[in-house]
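Colleague: Below, each chain spelled out in residue letters.
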Amino acid sequence: MLSALLVLLGFFAGLLGALTGIGGGILLSPILALHFGIPIREAIGTSLVAVITTSAASSSVHLQRHTTDIRLGMTLELATALGAAVTAYLVGYFNRNVLEGLLAGFLLYSSVTILLRGGKVKDAEEPAVNGDGETVIPPYEPQRYPLGLGASLIAGGLSGLLGIGGGPIKVPVMYIFMNVPLMVATATSNFMIGVTAAASAMVYYRRGDILVEIAAPLAVGVFLGSLLGARLAPRIRTKYVVYLLVAIMLYLAGHLFLHLLTGRAA
Amino acid sequence: MSQLREPAFDRAVALVLRVGAFGCFFIMLAGLLVGLFVHNRIPGEIERAGVLLMLATPVVRVLVAGVLFLREKDWKYGAISFGVLAILLLSAVFGIGEH
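Residue numbers (my numbering), protein chains in the order written: chain Y, 1 to 266; chain B, 1001 to 1099.
Calculated directly from the structure, the hints in this document are not laboratory data. All residues carry an ideal CB built from backbone N, CA and C; glycine is no exception. Any given hint could be a false lead.
Label pairs and their computed distance ranges (CB to CB) [unchecked claim]: (1) B:GLU1045 x Y:ALA247: 50 to 60 Å; (2) Y:LEU244 x B:GLU1045: 55 to 65 Å; (3) Y:LEU261 x B:LEU1070: 48 to 58 Å; (4) B:GLU1072 x Y:VAL98: 41 to 51 Å; (5) Y:PRO39 x B:VAL1060: 54 to 64 Å; (6) B:GLU1045 x Y:PRO139: 47 to 57 Å; (7) B:PHE1037 x Y:LEU8: 15 to 25 Å; (8) Y:ARG231 x B:LEU1089: 30 to 40 Å; (9) B:GLU1045 x Y:ILE236: 33 to 43 Å.
Only part of the chain B face toward chain Y is listed, based on derived beta-carbon distances under 8 Å [stated by the list, open to error]: (10) CYS1024; (11) ILE1042; (12) GLY1044; (13) LEU1063.
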């Protein structure tokens, strides 16, 4: 039964996303397009709903741990929301092959950045914990805002175009260039994704590109998967989970490229 | 130092997200379950309500954060929040593609 399969898919994507800190949304639009025969634009619009669900569920957990920089997130959202709204509006002018090619390219890029970090997506050392059992974050001051805003504009643009969260762009930029601790960068990127995806999802919705009967089972699964993943994440060695995610991303990228080469409709 | 430690602020924003996510989950689940027994437009309309709630959640989150910033007399971040809100509302209003 189709709905049960979609709940499972959402659950799996949400679980992997929350366990690794890399949004599972990146898997959804290609899988919907390749394996459920959904036209790429509808696959992207529908995946955006699930992306908002993951962001809301997991960042409510991060916020309780006080690892989210709301001010930084809100500032960068100016750029991500703008980028997402503009590309969501323009996506109608993009050829289906261009979208699939970009999606495959982004999957490859994400896989490579993860592999370059040796599968490490969390801080190497366990975060320090104070007497009240709260995580302690070293003081920091975000730097190079223009660079951060520029990268966010690109991340938002890709999000609106491909139905993804854009974490693999924002997290490294915040961490490496803006001097933000990795834990805060991950939580803040997650936090921003909901607003970014909403900016483009509303455009897709108005155009009729969100398939409600697909989005519902997907959101149910994603919600359960991300809550479970967020609970398990502190207790699980995520390295092998990350490699599993990379393997799936590489498979999907290859599948998309193959489709482009053979010219068959995805 | 960036102000991360504002437990009340974090909690208020987290509450908005949690209500949205849980609400969406239960509405979607209801839609799926009703769909098992009823074969008309009703399950689809329930699921549509879930999608709309999910789309509205980030907008409400930005609004709540903006109001909280203004109440703290943090004009800069209040203005930034309402800037984000303006972009979201514009995309909702002008998102009438060519369908």
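Colleague: Output the numbers, in ascending order, of every earlier hint that fails for this structure.
Modeller: 1, 2, 5, 11, 13
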